[in-house]
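J.: Residue numbers (the working numbering), protein chains in the order written: chain A, 1 to 365; chain B, 1 to 278; chain C, 1 to 282.
Because the hints were derived from the structure by calculation, they are not lab data. As the structure is a prediction and not an experimental result, all values here were calculated from the model. Among the clues, some could well be false.
Said to hold, decoys possible - Computed cross-link-like contacts, EDC-like style, restricted to lysine to aspartate or glutamate with a CA-CA straight-line distance of at most 20 Å:
{"hint": "1", "chain 1": "C", "residue 1": "K180", "chain 2": "A", "residue 2": "E179"}
{"hint": "2", "chain 1": "C", "residue 1": "K278", "chain 2": "A", "residue 2": "E48"}
{"hint": "3", "chain 1": "A", "residue 1": "K197", "chain 2": "A", "residue 2": "E48"}
{"hint": "4", "chain 1": "C", "residue 1": "K180", "chain 2": "A", "residue 2": "D114"}
{"hint": "5", "chain 1": "C", "residue 1": "K7", "chain 2": "B", "residue 2": "E168"}
Said to hold, decoys possible - To be clear about the criterion: a stretch of chain C counts as covered by chain B if any three or more of its residues have a C-beta under 8 Å from a C-beta of chain B, and this derived list gives those stretches:
{"hint": "6", "stretch": "80–91"}
{"hint": "7", "stretch": "144–151"}
{"hint": "8", "stretch": "221–232"}
{"hint": "9", "stretch": "256–268"}
Backbone N, C-alpha and C define an ideal beta-carbon position, used for all residues, glycine too.
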Amino acid sequence: MGTKPIVESSAAGGGAKASPKTLLSVRSVAKRFANNIVLRDVNLDVAEGEFLSILGESGSGKTTLLRLTAGFERCDSGEIWMAGERLDPLPPYKRLVNTVFQNYALFPHLSVFDNVAFGLRVKKSPAIEVKGRVEQALAMVKMSSFANSSPAKISGGQQQRVALARALVNRPKLLLLDEPLSALDANLRRQMQMELKALQREIGIAFVFVTHDQDEAMTMSDRIALLRAGELEQVATPREIYARPATTYTAQFIGQTNLLHAHVTAGMAECAGMRWSTDEPDGPVTFSVRPESIVVATGTHGDGFVRFRAKVLSQLFQGAAELLQVETTSGYRLKVRTSSGKTEAAELELAFAAASAVSVRETQA
Amino acid sequence: MIRDALGQERAGWLTLHAIAVFAFLYLPIVVLIVYSFNGDGVGGFPPRNVTFDWYRQLAQDTPLWDSVLNSLLVALAAMAISIGLGLPAALALDRVNFPGKSLFRRLVLLPLILPGIITGLSLLMLVVLIGLKLSLLTIILGHGTALISVATTEIFAGLQKAERAQEEASLDLGASYGQTFWRITLPNLKLPVIGAALLIFTLSMDEIAVSFFLIGRDNTLPLEIWSRLRRGMTPEINAISTIIFLFSLALIVLWYRLRMGNGENTADTVATATKEAA
Amino acid sequence: MYSRAYKLAVSLPPVAWVLLFLLTPYLLLFLYSFWTVTPAQQIVHTWSLQNYIELLRVPVYLQVLWRSMRIAASVTLLSLLLGFPLAYYVSFHAGSKKDLLYLLVIIPLWVSYLVRAYAWKTILGSDGVLNTLLQYLHITHHPQGYLLYSPLAVVLTLTHIYTPFTFLPIYAALEHIPRKLVEASHDLGATPTQTFWRVIVPLSVPGLVAGATFSFVLSLGDFLAPLLVGGPSGVMISNIVVGLFGAAYNWPLGAAISACMMILVLALLFATGRLEKKWSFT
Numbered sequence: 001m002g003t004k005p006i007v008e009s010s011a012a013g014g015g016a017k018a019s020p021k022t023l024l025s026v027r028s029v030a031k032r033f034a035n036n037i038v039l040r041d042v043n044l045d046v047a048e049g050e051f052l053s054i055l056g057e058s059g060s061g062k063t064t065l066l067r068l069t070a071g072f073e074r075c076d077s078g079e080i081w082m083a084g085e086r087l088d089p090l091p092p093y094k095r096l097v098n099t100v101f102q103n104y105a106l107f108p109h110l111s112v113f114d115n116v117a118f119g120l121r122v123k124k125s126p127a128i129e130v131k132g133r134v135e136q137a138l139a140m141v142k143m144s145s146f147a148n149s150s151p152a153k154i155s156g157g158q159q160q161r162v163a164l165a166r167a168l169v170n171r172p173k174l175l176l177l178d179e180p181l182s183a184l185d186a187n188l189r190r191q192m193q194m195e196l197k198a199l200q201r202e203i204g205i206a207f208v209f210v211t212h213d214q215d216e217a218m219t220m221s222d223r224i225a226l227l228r229a230g231e232l233e234q235v236a237t238p239r240e241i242y243a244r245p246a247t248t249y250t251a252q253f254i255g256q257t258n259l260l261h262a263h264v265t266a267g268m269a270e271c272a273g274m275r276w277s278t279d280e281p282d283g284p285v286t287f288s289v290r291p292e293s294i295v296v297a298t299g300t301h302g303d304g305f306v307r308f309r310a311k312v313l314s315q316l317f318q319g320a321a322e323l324l325q326v327e328t329t330s331g332y333r334l335k336v337r338t339s340s341g342k343t344e345a346a347e348l349e350l351a352f353a354a355a356s357a358v359s360v361r362e363t364q365a
Numbered sequence: 001m002i003r004d005a006l007g008q009e010r011a012g013w014l015t016l017h018a019i020a021v022f023a024f025l026y027l028p029i030v031v032l033i034v035y036s037f038n039g040d041g042v043g044g045f046p047p048r049n050v051t052f053d054w055y056r057q058l059a060q061d062t063p064l065w066d067s068v069l070n071s072l073l074v075a076l077a078a079m080a081i082s083i084g085l086g087l088p089a090a091l092a093l094d095r096v097n098f099p100g101k102s103l104f105r106r107l108v109l110l111p112l113i114l115p116g117i118i119t120g121l122s123l124l125m126l127v128v129l130i131g132l133k134l135s136l137l138t139i140i141l142g143h144g145t146a147l148i149s150v151a152t153t154e155i156f157a158g159l160q161k162a163e164r165a166q167e168e169a170s171l172d173l174g175a176s177y178g179q180t181f182w183r184i185t186l187p188n189l190k191l192p193v194i195g196a197a198l199l200i201f202t203l204s205m206d207e208i209a210v211s212f213f214l215i216g217r218d219n220t221l222p223l224e225i226w227s228r229l230r231r232g233m234t235p236e237i238n239a240i241s242t243i244i245f246l247f248s249l250a251l252i253v254l255w256y257r258l259r260m261g262n263g264e265n266t267a268d269t270v271a272t273a274t275k276e277a278a
Numbered sequence: 001m002y003s004r005a006y007k008l009a010v011s012l013p014p015v016a017w018v019l020l021f022l023l024t025p026y027l028l029l030f031l032y033s034f035w036t037v038t039p040a041q042q043i044v045h046t047w048s049l050q051n052y053i054e055l056l057r058v059p060v061y062l063q064v065l066w067r068s069m070r071i072a073a074s075v076t077l078l079s080l081l082l083g084f085p086l087a088y089y090v091s092f093h094a095g096s097k098k099d100l101l102y103l104l105v106i107i108p109l110w111v112s113y114l115v116r117a118y119a120w121k122t123i124l125g126s127d128g129v130l131n132t133l134l135q136y137l138h139i140t141h142h143p144q145g146y147l148l149y150s151p152l153a154v155v156l157t158l159t160h161i162y163t164p165f166t167f168l169p170i171y172a173a174l175e176h177i178p179r180k181l182v183e184a185s186h187d188l189g190a191t192p193t194q195t196f197w198r199v200i201v202p203l204s205v206p207g208l209v210a211g212a213t214f215s216f217v218l219s220l221g222d223f224l225a226p227l228l229v230g231g232p233s234g235v236m237i238s239n240i241v242v243g244l245f246g247a248a249y250n251w252p253l254g255a256a257i258s259a260c261m262m263i264l265v266l267a268l269l270f271a272t273g274r275l276e277k278k279w280s281f282t
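For reference, chain A alone in the conformation it holds in the complex (with noise of 0.2 Å):
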């Protein structure tokens, strides 16, 4: 079970903020349910401010990550602390996290205002600064028009901003988002995606966002934390993870990639008849090139890049691209995404540079 997973830049983007202070920090957590080990030896931690996605697959945790965050499961193992302070031993309605659920749990009883009020209510504090600071929630989600409405008479992007505000009106230190856009569809889902970044940035609460997306993830985070069954593939921000993938798996599973088995011999590496120079040791290594960093050749190709001829089988139209599935002389197939439009050609000469092709770890099984 070996290595670590490669934590790149513990800074947060988002912005020149000096020296951003670790706010969450998850320590060697570990859970199991029944037979089921969810989460082994997980260690993250989470900046202030920062907009950190806990991306991965269905059953590689990332829900059950959140939970023992929120405080609605124990760890097994490990801590997690909250500014200094242990936050495992906690119950949830001590700690000063709040949660965005993914079908929003409304109260049906209430009104949208009296759900927004809730958690103010519950701390009783007084019915000015409740009234004031609700209208303001319900302001920054664009919702002040609902306040009297009930739950179930509205849509579920409407709900799920009520359930945005509902959980920012608390002034949490955290906002734990679980998967909110997933019950929305496409268009309304990219909408609320530059408005929930945009959002965060104006707030400045640290959002830990959960999802299964790989475009979402890239598209609002400042750092992406890639969940493989229970443990933590590789943290980066979402050029660095896109760029330099640290394994197989993050290769593929963030965009698409083409994976070469190379063999590489006094620092050149060879697969299917391509060469290249490389900083690798010698030995069997992977290499991972992004479809659009092969490119039709022309004469500008020259040192530096990898030239080799392929067969076209199959164009994929993209909208913004065309996939196109070839084959080069011995045998190895490739993807190929280029704008250069539909192309009649059955073979092409095609070219990459030999430094966008990363070496990854193979993932272990």
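Guided by the hints, dock chains B and C onto chain A, whose structure is given.
T.: Chains B and C in isolation, oriented as in the chain A frame:
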């Protein structure tokens, strides 16, 4: 459920309360069973002289067993009537928009929520009007009518769960309505019908309030016990009560297994019936 | 999708039967209440309000009705106090034992009414188990005669019988509450107690109303428990009716009382039905 320190503490009081309520519900029955073996008869403390005498006496009590037979007869006949009418009623409620539908729904539930005396007396009046003599037949009439809604509720719930598409597929493939009913609809309703039958059987066997007013010469078991109770208490009654308890226990476990096997939330069905009443 | 013949075949028989054997009898009851009876025990089929006037004029009827309502109210209150926390426990705190506990609660329901009422007679009598136990333990020295043949005995017996009845709809309502709502409440800072009162109780109102209605209505009209354990001081309104249909032979008057009971019950059901709908959120 959430298990935090505070939650467990609260659960402590709650658990105590739960135990107390269970004790309240079961102790009287336990007392009854224990005293059915009590040589000194009913009452008194502590129980002494364990004996099977009362059960022996029970075995030789012919009038009692006659009434058991009567009860069985009534229960089976009532089952037939209730299901025979409850099944089409459920189908009608599910598929047909007939005039007075919601009135029908409430009406058919009334015998279950009105005190039995009202239903019993009303039926008595009808029987007298028609000029029918009071007998087991009138009791069968009473039980059968009163318990229709039990069948209707159970079968209706079963219909809701069944796939409408199956019937449509059958018709599409060329089967007639009749064939579809026999080959597709009915087999799908097997479990709800059996569940309803069990419930109706038990309710009929235990029914007193309505039967009270419709009884003729022949007694059902509850009424036979009742008449003896009016005369005085005998330990024999403890014995028969114990037997009834064990029998009911077996039946309900059977019914429960059936329902759980059908993957349905039992609490729902009973509560739906209760809700529909209003 | 269904042919006319099919629709007729499924709706006609039940509707016809119910009209004939359910609606007609209830209507007959009403009709009877407007007739009178001669001293020679003949029913006189002339319409009059005499019976209803009698009910209002002679105090015993209203007194007994009032006592019956008090008994029914006591039974309802006790059933709720016993049944609600129990339902809450089984629904939210029982974990894997939930199904078993549920079964244990409804088993008494299936055990004969008579058996259970009789059990209380055995326990509460002067020579009964409770009295002899108390004397055996030297807590008392004489049999406590007031235990049996009193309104108290009736209340105890009926509570015993109707608590499971009350439990059922409450449990169903509690089961319907999405557990995520409880989590959301905790997440927002509410303690389990606050969650109970602010989230769980409001959402269980329909179940509480249904359970309370059930036990009130059925207790009100009960005549068996009073006959077994009630004694003269525990006589309830239905006992009077039974008498009027028996030895005191006055069917019209009995019908009038029954009709009043029926109207009362139906009105109550209507009112609580509206209440249930208003509080129905899940």
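J.: Checking each numbered hint in turn, tell me which of them this model violates, lowest number first.
T.: Of the numbered hints, 2 and 7 do not hold.
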